[in-house]
Amino acid sequence: MTEDFYQEVVDKFIFKVKKDLLYTENDVWVKIRSDGSLIGITDFLQKRGGDAIFVELPQKGKTVRRGEEISSLETIKAVVSVISPLDCVVAEVNPTLNDKPELINEDPYGDGWLVLVSPSHLEEDRQYLMTAEKYLELMKSKIEDERGKSGKEEV
Amino acid sequence: MSDPILIIPCSGIGKSFGSISREAAYCVVDELKKTQADTLCLSLLVMGDEDAIRSVKSHRCIAVDGCPNECSKKNLELLTAKLAANYRVVDTLRQNRNLRPSAVTFLDEDGRKLARILAEKIVSKIDELNHRGSVS
Amino acid sequence: MNIPSKIGVVSCSGECCVEGTISRIATRLILEKLRPDNTVTICLPLFSIGEKGERMFARYFPTIAIDGCDKRCAKNAIEKYSGKTACSIVVSDLLEKWGIENPSPRRELSKEGVEAATKVAEEIAAAMDDILTRGR
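Chains as they are written, first to last, in my numbering: chain V, 1 to 155; chain S, 1 to 136; chain Z, 1 to 136.
Certain hints may be false.
To be verified - Per label pair, the in silico range of CB-to-CB distance:
#, chain 1, residue 1, chain 2, residue 2, range
1, V, 3, Z, 97, 35 to 43 angstroms
2, S, 54, Z, 4, 47 to 55 angstroms
3, Z, 97, S, 95, 45 to 53 angstroms
4, Z, 59, S, 78, 20 to 28 angstroms
5, V, 118, S, 77, 40 to 48 angstroms
6, S, 98, V, 99, 16 to 24 angstroms
7, Z, 79, S, 78, 35 to 43 angstroms
Unchecked claim - Keeping only pairs whose Cα atoms sit at most 20 angstroms apart, straight-line, the calculated SDA-like set for lysine to any residue is:
#, chain 1, residue 1, chain 2, residue 2
8, Z, 6, V, 148
9, V, 31, V, 77
10, V, 100, S, 33
11, Z, 119, Z, 80
12, Z, 52, V, 10
13, Z, 33, S, 4
14, V, 77, S, 68
15, V, 149, Z, 55
16, Z, 52, V, 77
17, V, 77, Z, 56
18, Z, 111, Z, 127
19, S, 33, Z, 32
20, Z, 111, S, 103
21, V, 140, Z, 53
22, V, 16, Z, 55
23, Z, 80, S, 48
24, V, 47, Z, 129
25, V, 142, Z, 37
26, V, 100, S, 86
27, S, 82, S, 31
28, Z, 33, V, 100
29, Z, 6, Z, 129
30, Z, 52, V, 89
31, Z, 52, V, 31
Hints in this document: simulated from the structure, not taken from any laboratory. For glycine and all other residues, C-beta sits at the position ideal for the given N, C-alpha and C.
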């Protein structure tokens, strides 16, 4: 554990959960700010997904409902769907990801942010968000499930 | 004739990118530019082998990395090698979206195709470097 | 006695000679087929640039180094940055012991090369079983 992160070490993989964020069961993080809510994917999801090759980002102004796909990443393994944690309107997208999608892998909680949104029903949608501590436990159980299926080192 | 250019792949073992970097290097040094290029074990450099380090400081080098970790490039930079260019398999994959290499141990057809495409880019760079060298 | 459940296997993957390719393929065969539940491959290039997860694993779990030749780059790298290896295997020594000469081109293993890699993988598996039953 460090000051800013919870950590779970599994074999050679160090999974980080940033402390000051909220999370969903779909492995998406949310940072609620005065200018909107910043959204990205967790370290667990980026490790499981693999190296991001392309990122599909929504258009500014697009309305997205909680539970719908807001973005997707194409990796060498799969297409990873990013599920919106909130009812919202897209305000900004991360402009650097077109040229440097690897930021999602290198810094998923920082420079690898995906979208900034204006929430439509924040107070209502907050009940579906969980704390970092709760997400840490959920992540651990997902990791156990994955290892149980494959038995191998790959997440 | 110019001294051979050293092609140093990362050969990362965890992903197909590493295998493709290795195959691209072999394609260049064993097939397309046999007399103008050579390779050298990255692990020898990492371990401080004096002959290997002398080689990368005295010959132009091209780093061929699999992924954005850029292990070959970083190691060559740390050694102040004569790094003339660097390539990443992941960038070539982005330019060839139709290819979906998945195998790591033994490359599949898409992996070979991608390695070939990357090898041809490296060959163009070698020609450019040698032409520049002969003109200056 | 501390009985581990996982062992780190690190291959030199040296590009210069076929023994490096055999070390790489043998390591992948261990991961994919022979001991998938107990194997964690350590990527030597990542390890060498200081990747925390790779170095930490090699510090706290037993490791087996698979080197192509007696320069033993993988073994030396692990011991330099993390700690003593539990076992060291040198492919050229094994090939000599088995009377196998020039098994394959280095770029793509022939049938004989794959057979040699499979035999090396079986040696690694035996070493792993020994560690797993006896402890570090």
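For the hint 35 to 43 angstroms, verify it against the beta carbon of residue 79 (chain Z) and that of residue 78 (chain S). With a Cβ separation near 20 angstroms, residue 79 (chain Z) and residue 78 (chain S) fall outside 35 to 43 angstroms, so the hint is violated.
Quick one: are residue 3 (chain V) and residue 97 (chain Z) within 35 to 43 angstroms, going by C-beta? The hint (35 to 43 angstroms, Cβ to Cβ) is violated, given that residue 3 (chain V) and residue 97 (chain Z) are roughly 53 angstroms apart.
Sort out whether residue 77 (chain V) lies within 20 angstroms of residue 52 (chain Z), counting only the CA atoms. 24 angstroms, violated
Proposed proximity, residue 77 (chain V) with residue 31 (chain V) (alpha carbon, max 20 angstroms): With Cα atoms ~28 angstroms apart, residue 31 (chain V) and residue 77 (chain V) exceed 20 angstroms; violated.
Between residue 6 (chain Z) and residue 129 (chain Z), does the CA-CA distance stay at or below 20 angstroms? With a Cα-Cα distance of about 11 angstroms, the restraint between residue 6 (chain Z) and residue 129 (chain Z) holds, given a limit of 20 angstroms.
Taken at face value, is the distance from the CA of residue 68 (chain S) to the CA of residue 77 (chain V) at most 20 angstroms? 16 angstroms, holds
A range of 40 to 48 angstroms was offered for this pair. Does it hold for the Cβ distance of residue 118 (chain V) and residue 77 (chain S)? With a Cβ separation near 43 angstroms, residue 118 (chain V) and residue 77 (chain S) satisfy 40 to 48 angstroms, so the hint holds.
Please work out if residue 52 (chain Z) and residue 31 (chain V) have their alpha carbons no farther apart than 20 angstroms. 27 angstroms, violated
Hinted pair residue 33 (chain S) and residue 32 (chain Z), Cα distance within 20 angstroms: 34 angstroms, violated
Going straight from one Cα to the other, do residue 52 (chain Z) and residue 10 (chain V) come out at no more than 20 angstroms? Answer holds: residue 52 (chain Z) to residue 10 (chain V) is near 13 angstroms, not above 20 angstroms.
Would the pair residue 149 (chain V) and residue 55 (chain Z) pass a check requiring their Cα atoms to be no farther apart than 20 angstroms? Distance ~26 angstroms between residue 149 (chain V) and residue 55 (chain Z) Cα, so the pair is violated.
Please work out if residue 47 (chain V) and residue 129 (chain Z) have their alpha carbons no farther apart than 20 angstroms. 29 angstroms, violated
In summary, the structure is inconsistent with hints 1, 2, 7, 9, 10, 11, 13, 15, 16, 17, 18, 19, 24, 27, 28, 30 and 31 from the numbered list given earlier, while agreeing with the others.
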